[in-house]
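Participant: This is what each chain is made of:
2 protein chains.
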Amino acid sequence: MKTTVAGAGLVGSLLSIYLAKRGHDVTVYERRPDMRDTSIPAGRSINLAMSDRGLRGLEGVGLADEIRKICKPMHGRIIHDVKGNTNFQQYGKDGQFINSVSRGDLNKLLMTEAEKAGVKIHFSSRLASLDLNTATTKFIDAAGNETVDKADTVFGTDGAFSAARMALMTGTDRFDYSQTYLEHGYKELTILPVNGEFAMDHNALHIWPRGGYMLIALPNLDKTFTCTLFFPFEGEDSFATYNTVAKARAFFERVFPDALALMPEFDQEWVNNPAASLCTVRCLPWKYKDKLLLLGDAAHAIVPFYGQGMNCGFEDCTVLDQLLGESDNLAQVFAEFETLRKPNANAVAELALMNFVEMRDKVADPMFILRKKIEAKFSQKHPTMWLPLYSMVTFSDIPYADALSLGQWQNNIMEKVMALPNITERWDNLEIEEYMHSLVKEFSL
Amino acid sequence: MKTTVAGAGLVGSLLSIYLAKRGHDVTVYERRPDMRDTSIPAGRSINLAMSDRGLRGLEGVGLADEIRKICKPMHGRIIHDVKGNTNFQQYGKDGQFINSVSRGDLNKLLMTEAEKAGVKIHFSSRLASLDLNTATTKFIDAAGNETVDKADTVFGTDGAFSAARMALMTGTDRFDYSQTYLEHGYKELTILPVNGEFAMDHNALHIWPRGGYMLIALPNLDKTFTCTLFFPFEGEDSFATYNTVAKARAFFERVFPDALALMPEFDQEWVNNPAASLCTVRCLPWKYKDKLLLLGDAAHAIVPFYGQGMNCGFEDCTVLDQLLGESDNLAQVFAEFETLRKPNANAVAELALMNFVEMRDKVADPMFILRKKIEAKFSQKHPTMWLPLYSMVTFSDIPYADALSLGQWQNNIMEKVMALPNITERWDNLEIEEYMHSLVKEFSL
Numbered sequence: 001m002k003t004t005v006a007g008a009g010l011v012g013s014l015l016s017i018y019l020a021k022r023g024h025d026v027t028v029y030e031r032r033p034d035m036r037d038t039s040i041p042a043g044r045s046i047n048l049a050m051s052d053r054g055l056r057g058l059e060g061v062g063l064a065d066e067i068r069k070i071c072k073p074m075h076g077r078i079i080h081d082v083k084g085n086t087n088f089q090q091y092g093k094d095g096q097f098i099n100s101v102s103r104g105d106l107n108k109l110l111m112t113e114a115e116k117a118g119v120k121i122h123f124s125s126r127l128a129s130l131d132l133n134t135a136t137t138k139f140i141d142a143a144g145n146e147t148v149d150k151a152d153t154v155f156g157t158d159g160a161f162s163a164a165r166m167a168l169m170t171g172t173d174r175f176d177y178s179q180t181y182l183e184h185g186y187k188e189l190t191i192l193p194v195n196g197e198f199a200m201d202h203n204a205l206h207i208w209p210r211g212g213y214m215l216i217a218l219p220n221l222d223k224t225f226t227c228t229l230f231f232p233f234e235g236e237d238s239f240a241t242y243n244t245v246a247k248a249r250a251f252f253e254r255v256f257p258d259a260l261a262l263m264p265e266f267d268q269e270w271v272n273n274p275a276a277s278l279c280t281v282r283c284l285p286w287k288y289k290d291k292l293l294l295l296g297d298a299a300h301a302i303v304p305f306y307g308q309g310m311n312c313g314f315e316d317c318t319v320l321d322q323l324l325g326e327s328d329n330l331a332q333v334f335a336e337f338e339t340l341r342k343p344n345a346n347a348v349a350e351l352a353l354m355n356f357v358e359m360r361d362k363v364a365d366p367m368f369i370l371r372k373k374i375e376a377k378f379s380q381k382h383p384t385m386w387l388p389l390y391s392m393v394t395f396s397d398i399p400y401a402d403a404l405s406l407g408q409w410q411n412n413i414m415e416k417v418m419a420l421p422n423i424t425e426r427w428d429n430l431e432i433e434e435y436m437h438s439l440v441k442e443f444s445l
Numbered sequence: 001m002k003t004t005v006a007g008a009g010l011v012g013s014l015l016s017i018y019l020a021k022r023g024h025d026v027t028v029y030e031r032r033p034d035m036r037d038t039s040i041p042a043g044r045s046i047n048l049a050m051s052d053r054g055l056r057g058l059e060g061v062g063l064a065d066e067i068r069k070i071c072k073p074m075h076g077r078i079i080h081d082v083k084g085n086t087n088f089q090q091y092g093k094d095g096q097f098i099n100s101v102s103r104g105d106l107n108k109l110l111m112t113e114a115e116k117a118g119v120k121i122h123f124s125s126r127l128a129s130l131d132l133n134t135a136t137t138k139f140i141d142a143a144g145n146e147t148v149d150k151a152d153t154v155f156g157t158d159g160a161f162s163a164a165r166m167a168l169m170t171g172t173d174r175f176d177y178s179q180t181y182l183e184h185g186y187k188e189l190t191i192l193p194v195n196g197e198f199a200m201d202h203n204a205l206h207i208w209p210r211g212g213y214m215l216i217a218l219p220n221l222d223k224t225f226t227c228t229l230f231f232p233f234e235g236e237d238s239f240a241t242y243n244t245v246a247k248a249r250a251f252f253e254r255v256f257p258d259a260l261a262l263m264p265e266f267d268q269e270w271v272n273n274p275a276a277s278l279c280t281v282r283c284l285p286w287k288y289k290d291k292l293l294l295l296g297d298a299a300h301a302i303v304p305f306y307g308q309g310m311n312c313g314f315e316d317c318t319v320l321d322q323l324l325g326e327s328d329n330l331a332q333v334f335a336e337f338e339t340l341r342k343p344n345a346n347a348v349a350e351l352a353l354m355n356f357v358e359m360r361d362k363v364a365d366p367m368f369i370l371r372k373k374i375e376a377k378f379s380q381k382h383p384t385m386w387l388p389l390y391s392m393v394t395f396s397d398i399p400y401a402d403a404l405s406l407g408q409w410q411n412n413i414m415e416k417v418m419a420l421p422n423i424t425e426r427w428d429n430l431e432i433e434e435y436m437h438s439l440v441k442e443f444s445l
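Read top to bottom, the protein sequences are chains X and E. The first sequence begins at 1 in our numbering and counts up one residue at a time. The second sequence begins at 1 in our numbering and counts up one residue at a time.
Everything labelled a hint here was simulated from the structure, so no lab data went into it. Watch out, some of these pointers could steer you wrong.
No copy is singled out in the list; a pair is fine if it fits within one copy or between any two copies.
Claimed, not checked - Within a straight-line C-alpha distance of at most 25 Å, the following computed SDA-like cross-link-like pairs (lysine to any residue) qualify:
hint	residue 1	residue 2
1	289	64
2	289	244
3	416	366
4	116	426
5	342	240
6	342	179
7	289	277
8	108	364
9	342	180
10	223	94
11	377	322
12	138	171
13	289	232
14	342	174
15	289	279
These figures come from a predicted structure and were not determined experimentally.
Work the whole structure out from these sequences, hints included.
Facilitator: Written out as structure tokens, the structure reads:
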């Protein structure tokens, strides 16, 4: 089967390996130049949080161990208050962690593995048109030369602003589509090593939650941290307000003093690094007969606050590969893929939006921290009865839609528990556990 | 001021008259050929229901009386049951009516009036690009010739699939956009005159409500009725199921026998007339600085069930003209227009979706009819206290957003009234009126 993949980003590269291993004759076209030859940025955020769904996607093509070598484990969150005091919140059980990984390094490795598997990748090739009825694509390279490629089927893995998706939007009737932006954007900043060592604890993800906005930092292999400020575009505290380095620096001195002290390149980074926008994309259908299937951000771009964008895209690859193993009827596979994945894509979009409020606000609240402690303790004693929402999303393969609804069920129970008188004193008593147990049984009916 | 208007549909034509009267040097570009020269269809539905907001928009350029001449008044709905029994439901007070008008005739008249006002219209000109920073447009005509036109500002009135809007979508960051389709489509059919006269009562809009779908008919000046079947694309009773004339005819014989008997051209119309889709478009922003403003369907396409698409677009023109009269600062005018109109566009989109359920289902329910009677009686006695939702939308200039929230408030009251014991017997009693009066006072607090 002759297969075209539009987009050699993370999902496109991994997908092409899966397809090549199934015997497809795969050609990938990528809009950007080859990031292995040039020092271009890998697009969007510098590093990512790889968790179990992502690793499972890599495992399916035997690459998980290889990728683990370029990962920095993060076992929990370290919360920084304005005075620089910190508080560690473990993500899961002992030994469970998420992984900070460079988007660029991961993508380069996947592209090289794809080529080893027989995939041809053409770079600097922009998708100019896509004929849905014949799976014929036209790409234009940097010199303006056109390549027309007729395949048996096309996979659209060309990201949130997918040109393949645009073919569905303009070429078919009744294509439901929405793109919804947050009022917040993000700007990346760097914490440099101090005396050749990580400037902060490097086994965690750092958060400076400030209610309406936040700063986060993920460790890199080179002992730097990439920090991301999630900040309103407009309003009192906003990119529009702090429109000079002096104003931005004064603001950081006031609300992120410990972080600013570790950012020697703050001034030039504030000016040079863009304030980028954050978008959720929802659409349907994701397919056209047996000719086109969208995966990853092209089908369901989400905001980054649960660290699930790439993980969800890799899980798309796992699910598709499984379906391809069960049937040769591509139209049926594409339809089943959409039926299986659309509710989960909706759910993870929702979870990601919810987690922004949790990260920038709730994690600093003592009652939230207590609640997490109670949940963790109960979960440890009754692991089959209770898996905290974060763990379902991050450390399991429970479908996102199930995780979301189980999370809402847990929320109803925890609201009752947290409303008990003197919960801050009694939380560790047996009676609380027994009460929670009774609620679980009652709500399960 | 040199002004480009993209789109010479209903809203574009009316807007260009308003702008010409304000002294703008207006050039309109229209994708389709001149419908005054050719026998092309006017696009989309054949006739429209013009109500007070539309007439007010025409009044502002002195054209309301001229247009009234080509209108067919409709004073209410005539509901047809499966046996052909009919029931008349008056729309408003005596003397209030909506107007069936031919989309094509209305559009032709407006284009001719625009030209009289000094507007230049170029036909068969497709908007190929729009430079937002310079208000420079490029149009391509049927022969492939390009026209580049630099203006001071551009108005996008090019409909639900607006190319002007696409310039905002692809050329700016953080453009919120959604297009959402109904599971229903529509197909147009014709009831011909009988013995040279209207085949049915021609002072009303006819509805054959059938729960999940419906047929409607609007009278035309030539004594025909244009019927529209709103019908699911897929499922048990659907376009997909009745995919032959024989099956469709058998279905009509079963559920719309009285209508079918008046449709001598049913067979060829069923085959030749497409099943068209129904879409709601929401987006924001509608403007770019002082260079582009979207109006009408380009900014807020809605489903047709409240008959408000054109009326809302004409009200856009009224509001914009008022703002232009108050300030020369175009960027400020565009921003104010968006602030004023966006909540109303959201509300009318919602009202239109809600009214589909009312038209296809509730109008056949005796309790719904009773409720309308009670409301009408109360409104007549206390006109300052209660204006039925339909009248607010259709016979007033109350902002749509206010109509929607007042309608919800009325709904809460009417649910209490309709829940009274023996309401079907007691509805005309003074005590009911007094109870309603007390609820109005209580809910107003």
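Participant: Against each hint, give a clear statement of whether it holds in the structure.
Facilitator: Quick rundown of the hints versus the structure:
no. : hint       : result
1   : 289 to 64  : neither (33 Å within a copy, 50 Å between copies)
2   : 289 to 244 : between (52 Å within a copy, 23 Å between copies)
3   : 416 to 366 : within (17 Å within a copy, 45 Å between copies)
4   : 116 to 426 : neither (59 Å within a copy, 83 Å between copies)
5   : 342 to 240 : between (36 Å within a copy, 24 Å between copies)
6   : 342 to 179 : both (16 Å within a copy, 17 Å between copies)
7   : 289 to 277 : between (33 Å within a copy, 20 Å between copies)
8   : 108 to 364 : neither (37 Å within a copy, 64 Å between copies)
9   : 342 to 180 : both (17 Å within a copy, 16 Å between copies)
10  : 223 to 94  : within (24 Å within a copy, 80 Å between copies)
11  : 377 to 322 : neither (36 Å within a copy, 64 Å between copies)
12  : 138 to 171 : both (15 Å within a copy, 22 Å between copies)
13  : 289 to 232 : between (41 Å within a copy, 21 Å between copies)
14  : 342 to 174 : both (17 Å within a copy, 24 Å between copies)
15  : 289 to 279 : between (28 Å within a copy, 22 Å between copies)
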